[in-house]
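2 protein chains.
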Amino acid sequence: MTRQWEEFKSRALSKLSYAREHNLADEKIFYLLDYINSKEGYVTTSSCSGRILLLAKGPSKKETYMYKKWHDKATTNSVVDAINSYDGPYPLYYKVDPFILHIVAKTPEHAHVILRICKNAGLKRFGMQLMRNFYLIEIQGTDKLEFPIALCNCNMDEVVGLSNSLLERTWSRTKLFYLSAQETLK
Amino acid sequence: MTRQWEEFKSRALSKLSYAREHNLADEKIFYLLDYINSKEGYVTTSSCSGRILLLAKGPSKKETYMYKKWHDKATTNSVVDAINSYDGPYPLYYKVDPFILHIVAKTPEHAHVILRICKNAGLKRFGMQLMRNFYLIEIQGTDKLEFPIALCNCNMDEVVGLSNSLLERTWSRTKLFYLSAQETLK
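Protein chains in written order, with my numbering: chain A, 1 to 186; chain B, 1 to 186.
Next comes chain A alone, as it looks inside the complex (with noise of 0.2 Å):
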């Protein structure tokens, strides 16, 4: 199990290298990556640190797609200029995505650390899954908004400030379960 171990962790991490060379992964979380990816019996597979979304919902999931998103602070102009230019086919949704993040555990006592840790950090969305031969947990915050903008005239200014601010909380959040891992994981 340790030889499948390890080719499953060095699997995952060339992935990472690849996104992080093309600019295809989201560096405002790369610290807690690094950290995860540091210690013996973890990987991280998968995350996003939070981001502001503008989403083309088709009638499912394979029609639907994203048309503009920010992974930093947005300005009102940059989101309104974005809605007033869509001409696509679907109602377009305005999300804000908490950060996620999935850790896969070798054994079922490093996932109960990971849960453990976000226990600690005050974090409410996590959980583990099981996977074929290791454990997933899947990691959330709980900062978000999701409507269909399409049918409403809102006050931008106003929801994009909301927006900003709750990217900020996901942040200071991302962080909490970092200061908590070292703490527990050393």
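Hints may contain errors.
Pairs count within a copy or across copies, as identical chains cannot be separated in the list.
Here are the simulated BS3-like cross-link-like pairs (lysine-lysine), alpha carbons at most 27 Å apart as the crow flies [said to hold, decoys possible]:
| id | residue 1 | residue 2 |
| --- | --- | --- |
| 1 | Lys28 | Lys95 |
| 2 | Lys73 | Lys57 |
| 3 | Lys61 | Lys175 |
| 4 | Lys28 | Lys186 |
| 5 | Lys69 | Lys144 |
| 6 | Lys124 | Lys175 |
| 7 | Lys9 | Lys186 |
| 8 | Lys28 | Lys69 |
| 9 | Lys61 | Lys144 |
| 10 | Lys119 | Lys186 |
| 11 | Lys124 | Lys62 |
| 12 | Lys95 | Lys69 |
| 13 | Lys61 | Lys119 |
| 14 | Lys175 | Lys186 |
| 15 | Lys57 | Lys119 |
| 16 | Lys186 | Lys39 |
| 17 | Lys119 | Lys62 |
| 18 | Lys175 | Lys62 |
| 19 | Lys144 | Lys68 |
Note that these hints are calculated values from the structure, not bench results.
Got chain A; can you put chain B on it based on the hints?
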């Protein structure tokens, strides 16, 4: 541990009975709770079948309160009337919450069975957490909305129509989980 488990399960079932007698529980999900609770090694501790919600969102969780909720499909009039007659101190948020279910399992093996049931049912949001002695599985739908309706003028016929169809979707997903559980737990 078995005695401790029996006591824990019996306390949880008493709470549920109390909630049912006093109409504090959400009857649309009773079929599922009763099924899970009939199985050895499992007990449900909280649940919601899905709802439409108007939330008065204060500066902290303590000051936030539910202004109005619908556990069944809503009419545009009832929602619009509620919004128009709100005069609380905090901005009003409009939410559709998907179904949520908490199951406590006696052993890790019991918990892993539920995780497999969730996966087989095609659910996305679920996971195991640790309790002092037992294992908590949180299961949640993904059909949701959440936004500050105080900042928006929406086409409420469409928003309520969409919300009602999200409720229908979350009810079907609950049913899928139930069917998957029946196949596995027998």
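Numbered hints the structure breaks, given as an ascending list: none
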